[in-house]
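One letter stands for each residue in the lines below.
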Amino acid sequence: MSTEMNDIIQRYWSGETTQDEEQRLQAYMVSGQVADEHLDMAELFSFYADQKTMTLPEELEMEAIYSSTLSPMDALVEKYLDAATSLDEEAQLRAYLTSEKVADSHRDLIPMFEAFSAEQDTQFDGDLTELERLQIQWSQKPKVRYMFPKVVGVAATLALLMMIAFNFLQEDTSSYKGKYTELQDPEEALALTKDALAFLGKKYDKGTASMKYIKELEKTNVFNFKN
Amino acid sequence: MRSLLTLGLILLTTIAALSQSSVQQFFDKYQDDESFTQINISPKMFQMISSMDSEDPNNAEMMEMIGNLKGLKILTTDVNSQKYYKEFNDSFDKSVYEELMTVRENESDITFLVRESSGNIVNELLLLVGGAQDFVLMSFEGRIPLDKIGKLASGLNISGAEHLDKLKK
Amino acid sequence: MQVEEFNQLVDKLKDKMYRLALRVVNNQEEAQDVVQESLIKIWNKREKLAEIENPAAYCMTITRNMGIDKLRGKKMVTTDIDEQYAIKAKSPDPERDLIAKDELSSVMKVVNALPENHRTVIHLRDIEGYTYKEISEITGFSIEKVKVYLHRARTRLRQQLKNRAS
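Order-wise, the sequence lines are chains A, B and C.
All the letters of the first sequence, read from the start, carry residue numbers 2 to 228 under this note's numbering.
All the letters of the second sequence, read from the start, carry residue numbers 9 to 177 under this note's numbering.
All the letters of the third sequence, read from the start, carry residue numbers 0 to 165 under this note's numbering.
Calculated from the structure, these hints are not laboratory results.
Where hints are given, some of them may not hold.
As the list claims (entries may be wrong) - To give an idea of the chain A side of the interface with chain B (calculated C-beta under 8 Å), a few residues:
id, residue
1, Met42
2, Leu94
3, Lys178
4, Thr194
Idealized CB from N, CA, C, for every residue including glycine.
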């Protein structure tokens, strides 16, 4: 028995054993009938066996570990560093660190928390003129929200505004109401196109006119207009 | 490898075709809806118009503009105007249509969108109106010079009324 | 969204936005620019804002993104920390003040040396007191990732402060 085992053990150390032999080795090592010269090895094998049954600790178990091995505040600090604390627990921690009885092992956290709370008071005192200007501009009619500079401003002819374009929709489309129409008569199509273009032109004019107004505003503005 | 490339090309062209029609889809969706009025003037009709012997010396700019048009579509409704305005704004393909400007006028939002612009010429101009009462979507297709549109309006007020009268009878 | 409604939101948020911007860009003047530009951007998008579930988180997201953009725009970060974190005298003992000021600015130096996502997360949690979910909304990281960053940031912070002390 022991000569055979000695042989297996020797080949085990040089990595030549088969799985089958290793199982036999393991069975022998935990059998309780281990030869004295193999006792140190038996220890190793029982450690292996132990490792095999180990599972990933659940979060709850971790908490149990924290609380069994550490003082409550130690546990809270560990939990805090693990980013596992709730906001309430963090408030608790803050209260503890600003109290008189902080454990020496936690003193290093005090400047951290002090710095955090000092910064909570930082206030914005920057310039909001630009935003205010935009808001004022918006509240004046007509309201233009966005343009790209490609458009060339056209002289506004607001004095010549015609009423026809306003009525275009109600009047011109009334005979086609509630259905899909494919125009077949060129005369009719031309007339409608003209009115549609008139409508378009008028709205467009109005838009570009207000754009000119915005451009003037921007020219006089001391702030750099971005976006 | 080659088949992969072909597939990629097909995919790309499909995507391009799909996105280009995001506006067309909107028109199609409400074609049979009775709460909408939809009018379409086809490219063929515009060819006929330009071959017509139109005499309008007061309005050379207008006729020039019409000569450049290839299609006009109008979609309008007076129910749920705000809802449709929002729906259109959410659905059109932002990679294809670029916002030219948005104007607010008497409770109405008026948006101009353009597709494929090179300089001052655009291939499609969309006019979108979302008012308290009306929703209007107009699509002008062709080669549209943006800088001529404003001039168009000022020349129009003389002749516009005649056409309106014509349509009324 | 009307002007008053918008301004109410801004009044509530602008300091928070400024502190976050300061954390990200690490420079007072630039942080002010970031807030200004963010507010203008938000103003221009106010219609979208009205449809958003959590407008406050949205504003913070914009602020952070604008800050990151600014950060990318420059290679070197130069700061004057002492000026930035100068704290008002709270005790009549000037020597104690000096120590306190030193400590605070050294903490902040360490915080600001963290990678952007680490320092943003620790800022949102430990200075602003946001929940993990809110931080996830603002940064776009998953809650798990938020916790991982927070864990690393806190551990590193404590470690470096210990080293400093010894």
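A quick look at each hint next to the structure:
Annotation: A:Met42 was flagged as interfacial toward chain B, and the flag is violated, the nearest CB pair being 59 Å apart, outside 8 Å. Violation of the interface hint for A:Leu94 is found here, the shortest Cβ-Cβ separation to chain B being roughly 46 Å, above the 8 Å cut-off. Annotation: A:Lys178 was flagged as interfacial toward chain B, and the flag holds, the nearest CB pair being 5 Å apart, inside 8 Å. A distance limit of 8 Å between C-beta atoms decides the matter here; for A:Thr194 the minimum to chain B is near 6 Å, and the interface restraint holds.
Taken one by one, the earlier hints fail for this structure at numbers 1 and 2, listed in ascending order.
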